[in-house]
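Residue numbers (our numbering), protein chains in the order written: chain A, 6 to 290; chain B, 998 to 1063.
Just so you know, these hints were derived from the structure itself, not from any lab.
A hint or two may mislead.
[Claimed, not checked] Now the stretches of chain B that chain A is said to cover, found in silico as 3 or more residues with beta-carbon under 8 Å:
| hint | stretch |
| --- | --- |
| 1 | 998-1005 |
| 2 | 1022-1034 |
| 3 | 1049-1059 |
Just so it is clear, CB atoms sit at the ideal spot from N, CA and C, and this is done for glycine as well.
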Amino acid sequence: MHAEAAAPAIPPIAIGGFTLRSRLVVGTGKYRDYPVMQAAIEASGADCVTVAVRRERLVDAAGRSILDFLPLDRLTILPNTAGCFSAEDAVRVSRLGREILEQLGNPGAGWVKLEVLGDRTTLLPDPVGTIEACRELVKDGFTVLCYSSDDPIVAARLRDVGAASVMPAGSPIGSGRGIANPAAIRMVIDRLKLADQGGSAEYPVIVDAGVGTASDIVHAMELGADGVLLNTGIAHAQDPVRMAHAMRLALDAGWHTARAGRIPRKLYANASSPWEGVITHIPGE
Amino acid sequence: MRIELNGAPRDLDGSPTVADLVRTLGLERAACAVEVNARLVRKSEHAAHPLAEGDRVEVVTLVGGG
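Make a model of the complete structure from these sequences and hints.
Written out as structure tokens, the structure is:
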């Protein structure tokens, strides 16, 4: 008579004119081979994956293309501007990515994950270059998802120049350090989503970068993120496919946790069994 | 005629267009995009875009990334 209660369905996420069924977006870099990448994407449940734009390897044009391992009919490709250190280069690379995705007939032609990086050591975003490039790309018709630092003021500026989503870094790309500054991430989310801070509950905030393990995703979602984007945490795990499963479950766990209303933290204990009716001697009473 | 192709010098015969170059590279059916002197040349314009001495050409594709 007691049917197993299903968790409430997690709604799709809307970003600009795009709708994704899964709130987990995964990268396609750093896998030991394409079949493992393909299996990990499948296990993650993601329906959107990021890719980079790079020179065609003219000496080895016979090499297999990543596109042979991405089910383009089921995935929305999100081209990124990784490796760009100026607004100008990010705009160039965005247009090249769009050109390729238009040829492939993939809806991802309409959007871009904008990264304008400050330097190679930190891979932290250059906020000035990111704002400049975002403005230019919006003018050019792109739906722009902006990789950003965890600064709420920069996040609001990006939203103001037309970013369809701001994606604050939990910690540096590939560092696996999780949410280094949860208070800052919370402030970014509040700034963009709370009406009394000029935000809108519908505005999508996706934590991007730094995820090392599943609990980092739970943490991001608990802080109020709408989704999480990661790559290395899956690709460099010892068992990437199993880790992709874990990341998918963590997203769900974090989503429900954020809406279930956690208990306040207290310094001292609060017994779960009643005191009434105890038959024991309680010290001090 | 000498151009710079993906960062390396490349000698081309005659007066090729972008479409000719793409064909020479065997990439006419590949998912790629071409830039000449930092400006995108869309596929529909390849045949009408002549290359010139010293052009900096980039031929790019999609690769794994995050």
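Here is what the structure says about each hint:
For the stretch 998-1005 of chain B, the stated coverage by chain A is satisfied: 3 residues place a CB nearer than 8 Å to a CB of that chain, which reaches the threshold of 3. Using a Cβ-Cβ cut-off of 8 Å, 8 residues of the stretch 1022-1034 of chain B lie near chain A, which meets the minimum of three, so the contact claim holds. Note: the stretch 1049-1059 of chain B has 5 residues with beta-carbon separation from chain A under 8 Å; the three-residue rule is met and the coverage holds.
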